[in-house]
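Student: Sequence:
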Amino acid sequence: LDICVLTSSHISHGNILMTVVPIGGIRMIDKGEADDKIIAVLKGDTIFGHMLDIHNCPGELVDKLRHYFLTYKVMPDEEKRPVEIIGVYNADEARQVIKRALLDYKESFPKA
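For the sequence shown, the residue numbers in this note's numbering are 1 to 112.
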């Protein structure tokens, strides 16, 4: 499960732990498989921390996120995008997606 964190802080790499609040998600299909992207805000962030739901985000920001996830895997010589966006969902649905992902992980790795 991928989580995109909105923050005004500079984060130089992705292998860190931080406290975030899920505000929504982007439902995607990548090569025929579900590949949701959870959108979260860094807890206490001065710019984004007040957002409790993706519908609190400016439409332009959501459009930029959609564009990024539609294009970040596209290679210059490809004609067809490898992913498609099915929809954008709210914070409640994002929490449900996270819970289902945790259950899937526990089933896949019962001794972890």
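Please keep in mind that the hints were generated in silico from the structure rather than gathered at the bench.
These numbers were taken from a predicted model, which means no experiment stands behind them.
Do not take every clue at face value.
[Said to hold, decoys possible] In silico PhoX-like cross-links for lysine-lysine, where the CA-CA straight-line distance does not exceed 25 Å: (1) K43 with K31; (2) K111 with K64; (3) K99 with K80; (4) K73 with K106; (5) K31 with K64; (6) K43 with K64; (7) K99 with K43; (8) K31 with K111.
Student: The structure should be examined with respect to each hint, and the outcome stated for every one.
Tutor: Verification of the supplied hints:
no.	hint	in the structure
1	K43 with K31	33 Å, violated
2	K111 with K64	39 Å, violated
3	K99 with K80	32 Å, violated
4	K73 with K106	28 Å, violated
5	K31 with K64	22 Å, holds
6	K43 with K64	21 Å, holds
7	K99 with K43	19 Å, holds
8	K31 with K111	30 Å, violated
Hints 1, 2, 3, 4 and 8, counting from the list given before, are not met by this structure.
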